[in-house]
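Given the sequences, and given the hints that come with them, work out the whole structure.
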Amino acid sequence: MNDILRFIAETTGGTYYKSFRYSFEGVEVPTVVYDDNRIIIMSPDKIGETDKTIRASKSVENLANNIMRGGKPPLFKFFLDGTRRTYKIDDISYGERIYPIIAGQILVGCCKRSQPDMFKSSLLETQIVLVLPDCADKDDKKTLFFNSLADKINNLSVIKKRGVSFQKVLSYPDKELKEGEKYENKGIARIQDEMVEAEKRMVVQLVKEKKLNNRSYLIKDGSIEYKKMGSDDYRDLSAIKSNYRCVVGVSKEFNPELFKDKRHKTLAKRIAELPLFHRTQAFKYTNERAPGVEFCIWYLRIRSTERTVGLFDGVIKVEKILVSDEEQEKGLDSDEIDLISANLVNERNPTCYGLDTRWANHLYPVYLTEKYIKSNYISEIQFLNLF
Amino acid sequence: MAKVIGRAAATEKIPTTIDEFYFWTDKEKILNPFDVIKAKHIQDSYTFGVVEEISHITDAPSYLSSYISSDFGDVSYIANTQRVGLNFVKAKVIGNTKGIYTPVLDGSEVSLGDEKEVQKALGLDEVKNPLACGYLEMYEAKDKIRLPVFLNSDFLLGPEGAHLNISGISGLAAKTSYGMFLIKAVQQRYLQRDIPKNESVAFVLFNIKGRDLLAIDELNDELSENDKGLYRDLKLDDKPFQNVTYFYPYDKDDSTNTYAKKTDVAAQIDADKAFKYKYLYEEDKDCMELFFSNIDDPQETMSSIINLILNGEANFGGIRSWGDFVEEVKSYTEKNAAGRDKSISVLSWRKFLRIIKKSLTNPIFAKRVDPKKNETRLREHITQKIKKDDVYVIDIAKLDEDMQAFVFGDVVNSIYEMKLGQVGDREPDEIPSKIVIFVDELNKYASGDVPKNSPILRKIIEITERGRSLGLILFSAEQFKSAIHDRVKGNCSTHAYGRTNAIEVSKNDYRYLPPVYKGMMTRLPQGEYIIQNPVLRSLLNIKFPNPVYKQYKNG
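Which chain is which? The protein sequence lines are L and B, in order.
Using my numbering, you'd call the opening residue of the first sequence number 1 and step up by one each time.
Using my numbering, you'd call the opening residue of the second sequence number 1 and step up by one each time.
Hints are supplied without guarantee of correctness; some may be wrong.
[Said to hold, decoys possible] Using C-beta positions, here's what the derived DEER-type ranges look like: (1) B/Ser76 / L/Lys265: 36 to 46 Å; (2) B/Asp114 / L/Tyr17: 54 to 64 Å; (3) B/Ile42 / L/Arg6: 47 to 57 Å; (4) L/Arg6 / B/Ile18: 56 to 66 Å; (5) L/Lys160 / B/Tyr77: 48 to 58 Å; (6) B/Asp106 / L/Lys160: 22 to 32 Å; (7) B/Asp114 / L/Arg6: 51 to 61 Å; (8) B/Ile18 / L/Asn155: 32 to 42 Å; (9) B/Asp114 / L/Asp356: 43 to 53 Å; (10) B/Gly171 / L/Tyr377: 53 to 63 Å.
[As the list claims (entries may be wrong)] Below, a sample of chain L positions facing chain B; criterion: calculated Cβ distance under 7 Å: (11) Asp117; (12) Leu144; (13) Asn346; (14) Glu347; (15) Pro350; (16) Pro365; (17) Leu368; (18) Tyr372.
Since the hints were made in silico from the structure, they are not lab data.
Computed from a predicted structure; not experimentally measured.
Each residue gets a CB set at the ideal place from its N, CA and C atoms; glycine is no exception.
Structure follows, in structure tokens:
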């Protein structure tokens, strides 16, 4: 029992406590959301598309219908999503301080739709990770130490017997906590970062395999406003950006209050009242978390307000990275925005009504991808009993 | 290595068990009920299952989801993505290659079997005393296999089990054809002496429809090459029946009592393979109770009259003809008739007369037989002359229902008594060890509604309950099995279910069947049967080739 924890304690010179193990999924913890967390000011100089004349909204219904009736294949062929589950495994003390040991399952996957009835998994990356405080590495060797620790843990007989392995041992900062902070949250954030990295790796892989092109776009579930890359990977910003040439981030949930006009008046009402199959004008903005990257963002209503409950039900937020200098200067081609929007409108059915409360904002292929990825989780009982 | 078509799934709510398992498969994979599939199991074994039910599911939790997904009821809407869906199949476990009957594990590979595996799975690979009972086809397109099906004849003709019951609606089920196919298989087996010593068989068939069985010794010129091939696969020849003798009800002009053409009857008589049967008062008056098979007689007044007549009481002792007999009975129907037993009322005599009078007008009730004209008494002919490999066809098609019952009852009684050694002085070795009686429309004689005191019902029950040990085998057919007396159908070891209707399958007799099989029974194509036999591990859906004997297109 507790072979892994005993081994970690012995190897890192700490003391473990066999405290209660649980999943954070059932516990309310602040999660790190890479969504709207700053005010976006709509102003003429921040219009993110080539057509500067759009005022309130623009309908893409005809284009969507034409695509559908013309029998053109859908623009979106790949769907990517990432998910993670985090667990409090134990507490460990180093000196006089006690830190939580966090473990996580990270799953990132991509599905391909080649035909309406051919929806298959394309890529899947699963990771089991452990997160320890930085001070577990007493000699401050950082990555070297934690990688070596992962190898040693994987050589434990209990791990081999179970047929699993830890891909990484990560660490979270052990700095003194400010008010309201928790080490647990820092650990979870570390796992979230690792998931985002896996998502980026998967996009790179798809690009390398030449699967993404102007007839084969990828929908990434959620925002693509990734925070600044670490120093270990993807340093070439233009190369990173070009990987996202055919990638669209679609968010089901967003904070409309953060979208304001130049007089700092909220545009939430305008988004809520978007007519069916209309999109807003696209705006560009930069995020301090991703310096040097400009995003183009717009909202699109895919379901009628008469059929939904909430004001923003049926509205999705669409993001795309502005790749070329021209795009950054003039904005994304409005035709491309229309094409993306029209294809998103055509993705509105089937729905996951009855299965997901967010059905009005969900796109079915994305929902399926999410389902597929989550079906690969090791069960909570099995996972917690690894420790 | 067989192609994997799906994987077993065991869930919290629907686990796999010793008896059954579920697997998912592609929604476009065509499987059918009764298909045999195999699931990889522990210790390198395979568990075989028979497909019982196939369902298609999607992730839509309700019809509302489906409606909403069509843009709130737009019937022309076609989505970019089809809703995720699959077929899941319920399979009944019928065996394991290593005798391991623990439940099939979740995720086990499921594949189709090859011919040998299917044979083994269904217990058709090492059948003792093989008797062809049809063939089965399984799977679709290039996976399709066809297997001959042989039953152990010991379980159809005794001693292990006996009697066959075929049910199905008229025309679509081809009951007579299937019964005759089995009889053909039995006859050929016995003709080839592919049987234990001292065993022999003869057949007594009743022709109850048109000219159905009136040319069973003549070739079917229209038998296709495909059918001939099927007979070869079943190790049968495509020749018609041999050693056939026809018995037609006597009439003066050869057309009142039979559907057979005069010329055909004459030709058969010339070839000495047909006879005309008659009933004579002196010899056959004992059969009189058969007139009352379907008459309720709670006070037993009819029985009293019959006893009185058979005992020769009153003035019945010296009567020698049916005509005199009727006249004598008539005299008792008048008030204050002289010599009448006062314990039997005039009304009873009148009822008795009413019942017998209608039948006795038929020319088969005659004074004497003329052997030179191939006239005979059925009872005498059967008990004295039937020998091994004989096929006796008794035509009753054109007789009215009461007369049909009379003839049937008489023949059954004769055979029963012959097997018991109560009639004639034949050596036991001369009498075939097994006699198969084939009769359609069994419901006329052994339905649940037939009066309990019916002599025919009593005899049929005796045959089905005790006939096996005597070597008396009943092959029977009827439209609705549910109508047949429980003790009769309960004693049949083999049941063949042909096409029937939805009302019939809702009856208790079909309660043990999975709903899918019941549904199948209402859709079975002509000439397909679902067979149940004690040696089979599962019900089988079988087909059989067209008959080898001459078919009359217009009956």
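Tested hints:
1. Range check, serine 76 of chain B to lysine 265 of chain L: about 42 Å between beta-carbon atoms, so the 36 to 46 Å window is met.
2. Checking the proposed 54 to 64 Å range against aspartate 114 of chain B and tyrosine 17 of chain L shows it holds: the Cβ atoms sit about 60 Å from each other.
3. For the pair isoleucine 42 of chain B and arginine 6 of chain L, the supplied restraint of 47 to 57 Å is violated, since their beta-carbon distance comes to about 35 Å.
4. For arginine 6 of chain L and isoleucine 18 of chain B, the hinted distance range of 56 to 66 Å is not satisfied, since their beta carbons lie about 42 Å from each other.
5. Checked against the hint of 48 to 58 Å, the C-beta distance between lysine 160 of chain L and tyrosine 77 of chain B comes to roughly 53 Å, which is consistent with it.
6. Taking the beta carbon of each, aspartate 106 of chain B and lysine 160 of chain L are about 23 Å apart, inside 22 to 32 Å as hinted.
7. Aspartate 114 of chain B and arginine 6 of chain L have their C-beta atoms about 54 Å apart, which keeps the hinted 51 to 61 Å range intact.
8. Here the CB-CB span from isoleucine 18 of chain B to asparagine 155 of chain L is close to 41 Å, well matched to the stated 32 to 42 Å.
9. One distance hint, 43 to 53 Å for the beta-carbon pair aspartate 114 of chain B and aspartate 356 of chain L, holds here, with the actual separation near 44 Å.
10. Evaluation of the 53 to 63 Å hint for glycine 171 of chain B and tyrosine 377 of chain L yields a pass: the beta carbon distance comes to about 59 Å.
11. A distance limit of 7 Å between C-beta atoms decides the matter here; for aspartate 117 of chain L the minimum to chain B is near 4 Å, and the interface restraint holds.
12. For leucine 144 of chain L, the interface hint is violated, since its Cβ never comes within 7 Å of a Cβ in chain B; the closest pair sits about 40 Å apart.
13. Here the hint on asparagine 346 of chain L is kept, as its CB sits about 6 Å from the closest CB of chain B, short of 7 Å.
14. Checking glutamate 347 of chain L against chain B: minimum C-beta separation of about 6 Å stays under 7 Å; hint holds.
15. Restraint check, proline 350 of chain L versus chain B: the minimum CB separation of about 3 Å is within 7 Å; hint holds.
16. Given hint, proline 365 of chain L at the interface with chain B, holds; its Cβ is 5 Å from that chain's nearest Cβ, closer than 7 Å.
17. Because the beta carbon of leucine 368 of chain L sits about 6 Å from the nearest beta carbon in chain B, less than 7 Å, this interface hint is met.
18. The beta carbon of tyrosine 372 of chain L comes no nearer than 9 Å to any beta carbon in chain B, farther than 7 Å, and the hint placing it at the interface is violated.
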